[in-house]
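There are 2 protein chains.
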Amino acid sequence: MRLETLFLAATVSLSLASSVWAFEPLTIIDQGSFSAGGTVITEAGTFDNKAPLNSAGQTFHGDHAYSFYQVPEAPRELPLVLWHGAFQSGKSWETTADGREGFQTLMLRRHFAVHTIDQPRRGKAGNSTVAAEVKPTAYDQLFFDMFRIGQWPNYFDNVQFDTSEDTLIEFLRSVTPNTGAFDPEVVSDGVSALIDKIGPSILVTHSQAGGPGWLTAIKNANVKAVISYEPGSGYVFPENEMPEPISGSAGTLKPEPVSAEDFAKLTEIPIVVYYGDNIPEDPTDDFGLDNWRTRLAMARLWVAAINRHGGDATLVHLPEQGIHGNTHFLFSDLNNQQIADLATAWIEEKGLGGMAAK
Amino acid sequence: MRLETLFLAATVSLSLASSVWAFEPLTIIDQGSFSAGGTVITEAGTFDNKAPLNSAGQTFHGDHAYSFYQVPEAPRELPLVLWHGAFQSGKSWETTADGREGFQTLMLRRHFAVHTIDQPRRGKAGNSTVAAEVKPTAYDQLFFDMFRIGQWPNYFDNVQFDTSEDTLIEFLRSVTPNTGAFDPEVVSDGVSALIDKIGPSILVTHSQAGGPGWLTAIKNANVKAVISYEPGSGYVFPENEMPEPISGSAGTLKPEPVSAEDFAKLTEIPIVVYYGDNIPEDPTDDFGLDNWRTRLAMARLWVAAINRHGGDATLVHLPEQGIHGNTHFLFSDLNNQQIADLATAWIEEKGLGGMAAK
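Sequences listed follow chains A and B, in order.
Per the UniProt record's numbering, the first sequence starts with residue 1, numbered consecutively.
Per the UniProt record's numbering, the second sequence starts with residue 1, numbered consecutively.
Pulled out of the complex, with its shape left as it was, chain A reads as follows:
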């Protein structure tokens, strides 16, 4: 359906109370984009204005991060910083593949300022200080399985994901590659630099951003809380309290060591970790599922370690709360309004949802 038609249909629906979903107007009191962090490569030699295709004496800015932000009316004091996962960009948080409002807009409506970022070496922040071969790798079915939309070619019966072909196509077009090798230190440095500019904020991570998210919270005291959706790796433990790696058909998940001093920083801020549905309890040779069995098991150990050290970490396994069918992309699933409400309630419960001073 043309967006023009959708717009007209939405307008009409306001008066006819039709079943067409109507976008409630949003008042935005600030929006824009900016970048932060990164490094500068300087080539040896002298720049020649008459031969500027020669890089001698020129510079290159790379490994910075990018943010597009919006501030709603009557915003809460702490903005959200939304950090995508592997093979994704800020688009993860935008309009869902089946055309509903994305988490970005849902949280603006809940009065959060929202920063939707691209990490270094991804999306609009594509300048990388290291070279890379970028190849078209056919992984659509890996994603379908790994993201627990189903077991290709079958959707899970209860899945919170629209099963039309158009939706799947739109979802698969959100995939976008690294322009330089993924490096947890590079991405956490870049996001930390964004957060230096943003100030006190709540970090919201997804999947591969989970691990670097902990590193960013360790590096930057402006991170006042972390909400992590299905962290995929990088669970950090004090180096003398490392649990055993957890193995399965998707490989071995290793804990990551940090100093006791660094780990302690993660006990100073509230943290919540969400996992969705269809994660097996017992080992299975279905790679896409067993991957999450090991992650969820490690998450339990990690939350326990944080709390044992005096922190405030909560693990929410949604099916245990009676919320079924969520995929790896909880925040864009069919029930994402509910997911947004849960996040909001948690933030408020932790006393971090207060309004900004006027």
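Do not take every clue at face value.
27 Å max Cα-Cα, derived BS3-like pairs, lysine-lysine [to be verified]:
#1 197(A) to 350(A)
#2 135(A) to 50(B)
#3 219(B) to 265(B)
#4 135(B) to 50(A)
#5 50(B) to 254(A)
#6 50(A) to 265(B)
Just so you know, these hints were derived from the structure itself, not from any lab.
Just so it is clear, the structure is predicted and the values come from calculations on it, not from any experiment.
Knowing the structure of chain A, use the given hints to seat chain B on it.
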């Protein structure tokens, strides 16, 4: 300055009438993102759920385009589709490097719905069906010269670009690479697919997008007008009416042949081409400047050809209109409010600025 502080300062300024620039609230009646176009690669073989890192039997979606759109209150009927140039993404149109509202926001305030796109193989639309080596190439000083900010290391005396170091750093961080080789057919197909979804609209191109912009207008009757900011190449002429190439110290600019039938399509819609300042009239061995001497010269021949064939093309060389100092990035220059007003006035003059039906 932290954005939080900027926000508070902006709020304060409303009452204290301080010199801090305050963002006037924007009412957005729809926003989101989507992708369109592209192709699917299917690997031979059969997908194995138990070994999904093996691409056999899997698919890859690539070469699509991406759009982030916003619709303001009381929108005009025709949205704008903003198409970035080489080494850029939609960020070109966002907040300026010195922190002012970007063309995206300026045109929302002028009641245009705005689509800010990433072309295939760039930014958030990074999946490319062809492999590429992405290398950090030091070209910051090339860009400084080529974009006519100055002649490195000197800014032009009259330049419409803030000369602080922070601004230049922010500007250079907007650079982002191709993830696959630039291909005018691929990008114009992708943008045409976006425009199939968007419907009737006004295409706004910059630099390297100029040429593919003409191709998109030829392919898609939904393109009702084109505004082109300093097209860099791809000036299409009827294949039996090709002007001589124009040579200079920046190389030889060749016209591109199209069929008479295709060229005729460009005579059916109003077109305006803008060029800024500091473009030499006489050949010079300053590469960054002579590049534009040849482009402006070709633009004059092209506009004449369009009009000779019964079209409606206008060339606006801003210094001739008494507007001085504009760089290659007119729409983000210090006088971008004026640039936005000019575009709006032209659209209205062409009868394409009417409001959408309620």
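Inset, instruction - Verify the proposed pairing of residue 50(A) with residue 265(B), using a straight-line Cα cut of 27 Å. - result: Measuring from Cα to Cα gives roughly 39 Å; hence the hint is violated.
Inset, instruction - Mind checking the alpha carbons of residue 135(A) and residue 50(B) for me, to see if they're no more than 27 Å apart? - result: Roughly 23 Å separates the two Cα atoms, so the pair holds.
Inset, instruction - Quickly compare the C-alpha distance for residue 135(B) and residue 50(A) to 27 Å and report which way the hint goes. - result: holds, 23 Å
Inset, instruction - Sort out whether residue 254(A) lies within 27 Å of residue 50(B), counting only the CA atoms. - result: holds, 21 Å
Inset, instruction - Sort out whether residue 350(A) lies within 27 Å of residue 197(A), counting only the CA atoms. - result: holds, 24 Å
Legend entry - Hinted pair residue 219(B) and residue 265(B), Cα distance within 27 Å: holds, 9 Å
Checked against the numbered hints listed earlier, the structure breaks hint 6 alone; every other hint is satisfied.
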